[in-house]
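Go ahead and model the full structure; you've got the sequences and the hints to work with.
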Amino acid sequence: MKFPSILYRRDRPPLDDTELKDKHWMHIRHHPGSDWNKKDDLPDYTKIKIDEEQSCNWGKLSMAYWVRWDNQGVYKVDYGIVSYSVRSIRKTGKYGFSDHTLSLSHRPEDNNYSHCIFLLNDKLNRTQRRDLRMLVKRNAVVAAKPHEEPSIFEYLIRLFILRLRLWIS
Amino acid sequence: MALVQSDIIGDTSSSVFSRQKAEYCEVRRLSESSGFPHPLAPEAYILKIPLKEENDFRNMANLIGISTLTCKIVDPVNTQANTSEIGDFKIHGSIKLSVQFEKLSALGYPGSVQHDFELPNLTSIKLSRKLLVFLDKLNIYPDRITESAEGGISLVFYSGNYRMYFEIYNDGEMGYIAENAKVGKTLDNMEVKSIPSAQRQIKRFLDSSR
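So the protein lines, in turn, are chains A and B. Counting along the first sequence from 1, when you hit position 149 you're at 148 in numbering that gives the first Met the number 0, and nothing is skipped either side. Counting along the second sequence from 1, when you hit position 64 you're at 63 in numbering that gives the first Met the number 0, and nothing is skipped either side.
Treat the hints with caution; some may be incorrect.
[To be verified] Which chain B residues face chain A? A few, computed with CB under 7 Å, are given here:
id : residue
1  : Ser147
2  : Tyr164
3  : Asn188
[As the list claims (entries may be wrong)] With a straight-line Cα cutoff of 27 Å, these simulated DSS-like cross-link-like pairs (lysine-lysine) come out:
id : chain 1 : residue 1 : chain 2 : residue 2
4  : A       : Lys122    : B       : Lys184
5  : A       : Lys144    : B       : Lys184
6  : B       : Lys184    : A       : Lys75
7  : B       : Lys102    : A       : Lys48
8  : A       : Lys90     : B       : Lys184
9  : B       : Lys181    : A       : Lys37
10 : B       : Lys136    : A       : Lys48
Everything labelled a hint here was simulated from the structure, so no lab data went into it. Where a beta carbon is used, it is the ideal one built from N, C-alpha and C, also for glycine.
See the structure below:
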């Protein structure tokens, strides 16, 4: 797969966090443990992070599969892709946390304009952190398993829709 | 590592050791297919076999089912830093336990995993070994042994639709979360203070989820 030129930042400024709408999706590349089997749950709970080390790609600006490109321009096909609605990340209030426990911020990088990070706004103890990670696991939608790739047709359709959406906005 | 005899490489049939010379034999699997020794950690400790009687090594190695070995005879009196890190408990000849130890040995080396979080340190690895020995006494073995994104080791237990993620953190704290994965419901989420308590909680989870 060729690196998508849409991802380059090209001096574009970060977008305001209010641009992150509840209906938008965030994509994360997820590497399950070495002893993970295909029959096991995805995402792998043991590998879920909830602090700001967790990067994600904003679905408004990129395709889910592009999250497999790393900073060095390497496409990591052995990573799975999990997606979250922005709503599911923000609305943690009904699960015993405050509604601002997790938030998202747009932090574009030179070769990834869609780059965002998770922000953990509350100080949580270990028990709460396990609970929140479990919540994140349950809210995940698996976009692709490790080594799973779209067909060329599917890829082109998705690319067309993304370009159209960006052009309209 | 203190050696009373130089390294011996060969198959078990040609190796004859005497208890007068050593009490332990350190065993490393050479097979590439098993992933050991790890390319970035060729000195990774795999299994330490106590020699009970003369020539006992061959019997023990056959029991474990390893035919090609690199063997080091370790003097238990002059144990140096490398071997003292292994732990202060006695390892017995459980085959399943040795497999668990192999998995654990692969964790905690820089570059051994592709994740961008804190690797398991000696504290979490030692505690995990201790817990595995305790669980072995009850014939309980985790389905997965892996690194935790929180820094430390995760032992994962499956029982039908139920999951238990037992985490041993690098600062020595322990805790677990158990869930019914089918309905997406958390069953329990607790801190654990000691290894015997951890053993009890894991047994209780497995008993109640059957």
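Now the hints, each set against the structure:
For the restraint placing Ser147 of chain B at the interface with chain A, the shortest Cβ-Cβ distance is roughly 5 Å, inside the 7 Å limit, so the hint holds. Interface restraint check for Tyr164 of chain B: the shortest CB-CB distance to chain A comes to about 5 Å, inside 7 Å, so the restraint holds. For Asn188 of chain B, the shortest C-beta to C-beta distance to chain A is roughly 6 Å, which falls under 7 Å, so the interface hint holds. Between the alpha carbons of Lys122 of chain A and Lys184 of chain B the distance comes to roughly 24 Å, so the proposed pair stays at or under 27 Å and holds.
With a CA separation close to 23 Å, the supplied pair Lys144 of chain A and Lys184 of chain B stays within the 27 Å bound. With a C-alpha separation of about 32 Å, the suggested pairing of Lys184 of chain B with Lys75 of chain A is violated against the 27 Å cut-off. Simply put, Lys102 of chain B and Lys48 of chain A have alpha-carbon atoms about 23 Å apart, close enough for the 27 Å limit, and the pair holds. Using a Cα cut-off of 27 Å, the hinted pair Lys90 of chain A and Lys184 of chain B holds, with the two alpha carbons roughly 18 Å apart.
Straight-line distance between C-alpha atoms of Lys181 of chain B and Lys37 of chain A comes to about 16 Å, which keeps the hinted pair within the 27 Å bound. Between the alpha carbons of Lys136 of chain B and Lys48 of chain A the distance comes to roughly 33 Å, so the proposed pair goes past 27 Å and is violated.
The structure fails hints 6, 10 (numbered hints given earlier, in ascending order).
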